[in-house]
Amino acid sequence: MRHLLSAQDLDRDAAIRVLDTAGQMAATQAREIKKLPTLRGRTVVNLFFEDSTRTRISFETAAKRLSADVINFSAKGSSVSKGESLKDTAQTLQAMGADAVVIRHQASGAPHRLAHSGWTNGAVVNAGDGTHQHPTQALLDAYTIRRHLVGDGGRADVSGRDLQGLRVAIVGDVLHSRVARSNVQLLHTLGAEVTLVAPPTLVPVGVEAWPARVSYDLDAVLADEQPDAVMMLRVQRERMSNAGGGFFPSPVEYSRGYGLDGRRLRNLAEHAIVMHPGPMNRGLEISAEAADSPRAVIVEQVANGVAVRMAVLYMLLAGEQTTNVKVDAA
Amino acid sequence: MRTTYLLRAVAPLGGEPVDVLLADGVIAAMGPDAAAQAGDDAVVVDGAGLVLLPGLVDLHTHLREPGREDAETVLSGTRAAALGGFTAVHAMANTTPTQDTAGVVEQVWRLGRDAGWVDVRPVGAVSVGLDGEHLAELGAMASSAARVRVFSDDGKCVSDPVLMRRALEYTKAFDGVVSQHSQEPRLTVGAQMHEGVVSAEIGLAGWPAVAEEAIIARDVLLAEHVGSRLHVCHLSTAGSVEIIRWAKSRGIDVTAEVTPHHLMLTDEEARGYDPVFKVTPPLRTAADVEAVRAGLADGTIDIVATDHAPHPREDKDCEWAAAAFGMTGLETALSVVQEAMVDTGRMTWADVARVLSSTPAAIGRVEDQGRPLAVGEAANLTLVDPSARRTVVPEEQGTASANSPFRGRELPGAVVATFLRGRATVLGGRAQDGPDGSRRAAGREAV
Chain A
1 MRHLLSAQDL DRDAAIRVLD TAGQMAATQA REIKKLPTLR GRTVVNLFFE DSTRTRISFE
61 TAAKRLSADV INFSAKGSSV SKGESLKDTA QTLQAMGADA VVIRHQASGA PHRLAHSGWT
121 NGAVVNAGDG THQHPTQALL DAYTIRRHLV GDGGRADVSG RDLQGLRVAI VGDVLHSRVA
181 RSNVQLLHTL GAEVTLVAPP TLVPVGVEAW PARVSYDLDA VLADEQPDAV MMLRVQRERM
241 SNAGGGFFPS PVEYSRGYGL DGRRLRNLAE HAIVMHPGPM NRGLEISAEA ADSPRAVIVE
301 QVANGVAVRM AVLYMLLAGE QTTNVKVDAA
Chain B
1 MRTTYLLRAV APLGGEPVDV LLADGVIAAM GPDAAAQAGD DAVVVDGAGL VLLPGLVDLH
61 THLREPGRED AETVLSGTRA AALGGFTAVH AMANTTPTQD TAGVVEQVWR LGRDAGWVDV
121 RPVGAVSVGL DGEHLAELGA MASSAARVRV FSDDGKCVSD PVLMRRALEY TKAFDGVVSQ
181 HSQEPRLTVG AQMHEGVVSA EIGLAGWPAV AEEAIIARDV LLAEHVGSRL HVCHLSTAGS
241 VEIIRWAKSR GIDVTAEVTP HHLMLTDEEA RGYDPVFKVT PPLRTAADVE AVRAGLADGT
301 IDIVATDHAP HPREDKDCEW AAAAFGMTGL ETALSVVQEA MVDTGRMTWA DVARVLSSTP
361 AAIGRVEDQG RPLAVGEAAN LTLVDPSARR TVVPEEQGTA SANSPFRGRE LPGAVVATFL
421 RGRATVLGGR AQDGPDGSRR AAGREAV
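Going down the list, the sequences are from chains A and B. Residues 1 to 330 in the working numbering are what the first sequence lists, from first letter to last. Residues 1 to 447 in the working numbering are what the second sequence lists, from first letter to last.
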């Protein structure tokens, strides 16, 4: 693995290897001293063209727990707004000796450009690009699903296991969601069955080529498919065009049709979990009752994000041949 | 004394080889007596295996001057055109200032005349400043020295149906034509690429086929209603071909063009996020490519026009969303048409002459271009070697910009010579820079 640009970069074995490595990383995080010496002397740059405190802190924590030097580079106002170009920024980071660049960018494909243009030699990790991909989010979601639904909430060893046969409903703004695109690919790779649920205006033209079912009726999906995991997507109002009056008539109508409220929560199967990539619009796609319920694993997703990102940085920078993590405490 | 040229054993429109003598700006003789009539000082061109075509005429070229001389100048762009086998180009109106007055179109026309590489026919803007609100002074441009006959807001669509109707009606007074960039603006806000399977996966905002087709459908009905002629720029979808076919079957006076890149490339190219493939209208699906090839072969699509759109490197050396739309095409057009249409057996060289020379000249009302290959006709000619193969290296091209989507691709055919009224602008595949009437090489060397 040279870069991680898309969930599609991972075949089944590679994806399981990341999840297993993340499991080992998570185990080290229960210790009193959480820091590992693995990436000492290596430099990880967090290059964020788009605000995302959560994802940046998660990557920063992951890199620091591996003893890497971390540089945060907030570059709001990229060449899209005629500031410094992506190329110049990349070359600057290259000159500073970045071993890995974690990039968040509002333009789909920007990490791909960074990785393949020759502007930098470092490993590139896509931390979310436009409406394209967010592969570490998909990995942490898969990790969370595996831990709960395969591993009985962490009580069973899940190493080497995939998500065969599990049913996952991804609900909401699929059109603008890099989380949905990444998850559809990775969950499919791992053997899960995905159903996308959204109003038709928020389903992309061309979705028929995706390895997922599409439904416009959340209640029918919850009743008929009894999903094991329900993943609520954030309604991305910041990405929505107002042309034609918007994508749905009103927030109330959206919530009524596609929000996860107490009634729908109670109709879920006993073991089903509720997920959300955050940040949540409480009262829009998810009610407080659902978000704060015992089924919700939303806070745990955040914690798992650190372990997964540790695994990704470790595998990119320390070489993937070594599948066993050196866990000698510093 | 002007140089005379004796073209030995060239194949007019790919037919039987003959000798052709060019003297005093015209085709002086064809056949056995050409050699006899040639003086001792005639320059002999060995034409064995070469196809003789009427000089190519492009109905859709962006020369960028005035305003964006960092991308192209009239000089560099017309030199590139000659290297591509063209003897006339229509310079699109979206310059800065806009070609929306007699003064600006005359300026561009003069720059073209002074450069001397090809005939430059400026296109006039339909609306002032391409703003889509007020008709530009179409009559003044038509009666200017530039004798504008083609009007277009290309780059933008004349989306207001009333303005479009007025333009269609008004241009009848001087036998003009409105050349429409068919793009419904509201359906394409922020659009980056063809909307379909690929855009859904790679997360780029979609430019739906219907945004093109809806405008074409409206415009052919408007043209029918007011009895005007309409030209459709760069159509790109199977649905557009169907609409044009239907319109022609009704007798509507519409012509349509397709670009070389829409004959060859698909939206799959976007997967690598290289903005050299970012263009309007966007590259479509393989089914659309097949439909425009079929439409060109059966005459539904009248012409191939390059939509040569040079951009400086910094406008393509960036993330996709930040990049400019457009690709160069003057120096690859003929080769692409050969590969897509001739080498596939769908068209003859006579068809190539029709779609790249005689019909575009007729649409643009360019009198001495696109003429038959006959004694007495102006010697606007292109000599092609169809057996040549070459790999595209944009930096070696005449255009000042390097945004060719065919970089690194091997294409068939090479322009050996281009003659503008009997003067060689290209000979031996090289631009004839220097004292022979034409200017020196383009000032901006490609980097």
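Simulated from the structure, these hints should not be mistaken for lab results. Bear in mind that the values here come from a model prediction, so they are computed numbers and not experimental data. Treat the hints with care, as some may be off.
Covered stretches of chain B (in silico footprint by chain A; criterion: 3 or more residues with CB under 8 Å from a CB of chain A, positions within the stretch not fixed) [claimed, not checked]: (1) 193 to 202; (2) 319 to 325; (3) 368 to 378.
A virtual CB, placed ideally from N, CA and C, is assigned to each residue, including glycine.
Each hint, compared with the structure:
Interface restraint, the segment 193 to 202 of chain B with chain A: holds (8 residues with C-beta to C-beta distance below 8 Å; minimum three). Against chain A, the segment 319 to 325 of chain B contributes 4 residues with a C-beta closer than 8 Å to a partner C-beta. That satisfies the three-residue criterion, and the hint holds. Coverage of a stretch by a chain is defined here by at least three residues with a beta carbon nearer than 8 Å to that chain's beta carbons; for the segment 368 to 378 of chain B and chain A the count is 0, and the condition is violated.
Going down the numbered hints, you'll see the structure goes against just number 3.
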